[in-house]
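Colleague: If you're matching them up, the sequences are chains B and Z in order.
Numbering follows this note's numbering, with no gaps: position 217 of the first sequence is 217.
So the number in this note's numbering is just where the residue sits in the second sequence, counting from 1, plus 1000.
Simulated from the structure, these hints should not be mistaken for lab results.
It is possible that some hints are incorrect.
Claimed, not checked - In silico BS3-like links for lysine-lysine, alpha-carbon gap of 30 angstroms or less: (1) B/K130 - Z/K1446; (2) Z/K1459 - B/K130; (3) B/K150 - Z/K1308; (4) B/K53 - Z/K1102; (5) B/K130 - Z/K1308.
Stated by the list, open to error - Negatives, chain Z to chain B, calculated, CB over 10 angstroms: (6) A1201; (7) P1227; (8) S1437.
Please read these numbers as outputs of a predicted model, since none were measured by experiment.
For each residue, glycine too, the CB sits at the ideal point set by N, CA and C.
The residues making up each chain are set out below.
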Amino acid sequence: MAASPISFRKALLEWKLYLFIVPSALLIGTFSYFPAASAIYHSFFDWQGGDVKQFIGLANFRRLLTDWTLWNSFFTVFILILANFFKMIPSIAVAVAIHRLRNDKWQYFYRILVVLPMIVPGLVTLFIWKFFFDPNLGVLNNILNFTHGKEALIWLDAHALHWNVFSEGIPIPWLSEPRLIIPSLIMWGFPWLGAVGVLIYLAGLQSIGTEIYEAADLDGVSPFQKFWHIELPLIATQIRLNIILMVIGTLQGYGFQYLLLGENGGAGGRGMVPGLWMFNRAFTAGEFGYACSIGMVLFLFILTLTYINNKYIRVEK
Amino acid sequence: MDSSPTPSKTSRETVLNSIGFGLVGLCFLVALLRVTASSFSGETQDKKIIRIAHWQLENGIRDAINTLGAEYSKLHPDVKIEQLTVPERTYTNWFITQLIGKTAPDIIEIQNLGGNNPGRGDTDERLARYFRPLTSYLSDANPYNEGTPLQGVPWRETFLDGMSSNYNQNLLEIYAIGLNLHTVRIYYNKNLFHEILGQSASPPQTYREFIAMCEQMGAWSRGHNRPITPIASSGYNWPSFATPPMQSQHQQLQLKLGRQTSLSVATETFMEAYLNGEWSFENPEILNSLQIAHELGQYMTPGFMQLKREDATFYFLQQRSIFIATGSWDIKSLSGQANFPIGVFNVPMPDKQDPEYGRYILGAVSENANAGTPFAITQNSEHPEIALDFLKFLSSYKANGTFSEISLWYPSVVGVEPPEEVKPFTPITEGYPVAYSLLALSADTKRLTDNNLYLLFGKEKDAVTRFIDAIRPSFRQSILSDLARSNKTRLRNVGRFNCVAETLAWNLEKKGLPAAARDRKLDELLLNQAMMEVAYYKTQKSLSAPPPQP
């Protein structure tokens, strides 16, 4: 039976209990809602970041409409979001594999193994990846040379891609050639094993009772069918949560583009994403008011995508 | 069977949990104490704290400032100097947020490029709003020069550049003092240089000689199957190498564009000249300078545009390159880490006899002899008078000598003898100055050129044409947006001067200055305000001018 809502009078009866949430509410208000409200307010101003600002109404938003760098950056970020859908697969696969281990100790060991990289600071990981892409000393080009993968890329370039970016004797400039920037950004983080993702999926998988597996075994269900018909539907809630987090993270994020490619988005501006453009406008051009309006557009996009996700990607219980 | 945990197991878990919570609590406490200890307090129990921030993480600088801070504290036991170093990569963001958040340290390094140049975030707007002008203190002698050859000399005149480099032409104030002079040189690996070119080889004198050497080195590398590229480079280092020879091609052009008699053309003037059709990408001088950048790029580390400063240094130190172009700021870092002898020579320039590039050369290119590492006092300093006193101390004859000895940076104060290692970095002051850099004009224009540099540095023979074709369609629009932004700031500053003038008049009257002196100061201010207004309208005219017909 669903619990009926308590009346306002009843709710006020134990008013002292509300004091417990005051510290959290204050912190959230100060560090989350106040900056957001300030950004909304400043998006209507010509503001260079100081005390002086001039009210310009919707001028920043009108300017957004013809800001092709911004709209192109949305195109780039949507490619990255699309790629990130596929990059979720390894985490699901690893979570299922760990879940299916019969030995508890091994399960525990692999869980630790997956979580362990989380203690490496994100910035260190970024620097390692930057070095990975180094054209002369980087691991990627060395692997390609060693495995003759570069020859395959040269062939592919000559016969299919026609990008003219892979040549014999010239190291592949992964981050300074426009056509290779998006592939490099997609490649980043290989084998795309997110510890948080694995843990979330594992939590979902652990709620599946053993009797379901036993029944499936009796029916002669194959391992893949178990995944497809039992595990995947039952972790759909977790997948949906991860999709929301991934979409928000990808739309907002610009840290690794900034570190790998710089504030201008690298060669041809191909790595420019909305977050980086917002940063560029604020800190390079000093257009803080305009940057706030870009933030508003980003917020609307995230809100819309989250709404669509919640409304149309339904999970059958 | 009863599966409930045994009492001993439960108590063990409780103990382990308590230890875990205890550890978390302890870490939180330590973190809290550390944050509290380094919180923004201008004073401890008995000492006033002056915080000085900069991005100079090169070897020696922190030691030099620490030493001088300790010496200052000996003279003033009630003052403690705290040094704050912020990595260059994040400095601009840190700088802006500290200023806006009113949590900036007392003394902070700026870049002082003037106008709306993003520099390290110190645009005119921010300088005027968040910093204290030093101009009124410069006519007095620096008390820390007592007993030295500079005793009694006005503070301004104790600097090698007479503080001219720190004069802001828009705000008409000096906001900072510089501790050193920086020049760019080419460092080379002597072992590799002689191994490849022979023991009798000497550093190149001209651009042509340099290119020939690079060719020889490339051939040697291929012949010996050793992965050595002549120039270690990166997105940070390449302008040091390419900008001076590129600028040599602009000497005649800037005489044509120069409205003043300073022989120098400011970045904004150069940009306006483009709008007015006074130069275009068809100008042979422009084509030549881009061709030089392209040529030099062919001898730099492959894919150097994606590399950072530390990568180029790594390549050089790993002996994967013979040359690296960087400034005097890297002497100590490079010589301290290299396990091979390092030599230094001037950036080779095309001479008048050069068959390709000689035509537009008038003479040598003079080097920027500006006092670098400019330190300014922020408005939110709790002890501005002590901060000012510390700046006077830092720029005194003795302290600047100590600074130079420890850091191996070229001194900025008159008469201070530079250490032996720094002497090759003595600025070349004879020659034609060039103030702008074609590929680093202003925010949006630089973004446009930066995004297309991969075309200029490509292997293709028509790289320059491809680069121009890529940037030309948006170049005018980028200049328009950059100039409009800086002109907006200028207009705001014109308005702000009314307030400054009123305040000055009130202050001067309060100080009881004679009417004539008061009027002279006010006249200066108002004249400068008028000049700013003229500059504003001049730029507005360029902004609204129709595009020149081809």
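Colleague: Now look at each hint and say whether the structure bears it out.
Modeller: Hints, verified against the model:
1. B/K130 - Z/K1446: 24 angstroms, holds
2. Z/K1459 - B/K130: It holds: about 24 angstroms lies between the C-alpha atoms, which stays within 30 angstroms.
3. B/K150 - Z/K1308: 25 angstroms, holds
4. B/K53 - Z/K1102: 17 angstroms, holds
5. B/K130 - Z/K1308: With Cα atoms ~10 angstroms apart, B/K130 and Z/K1308 stay inside 30 angstroms; holds.
6. A1201: 26 angstroms, holds
7. P1227: 7 angstroms, violated
8. S1437: With a cut-off of 10 angstroms, Z/S1437 remains clear of chain B, as the shortest Cβ separation is near 16 angstroms.
The structure is inconsistent with hint 7 alone, although it conforms to all the rest.
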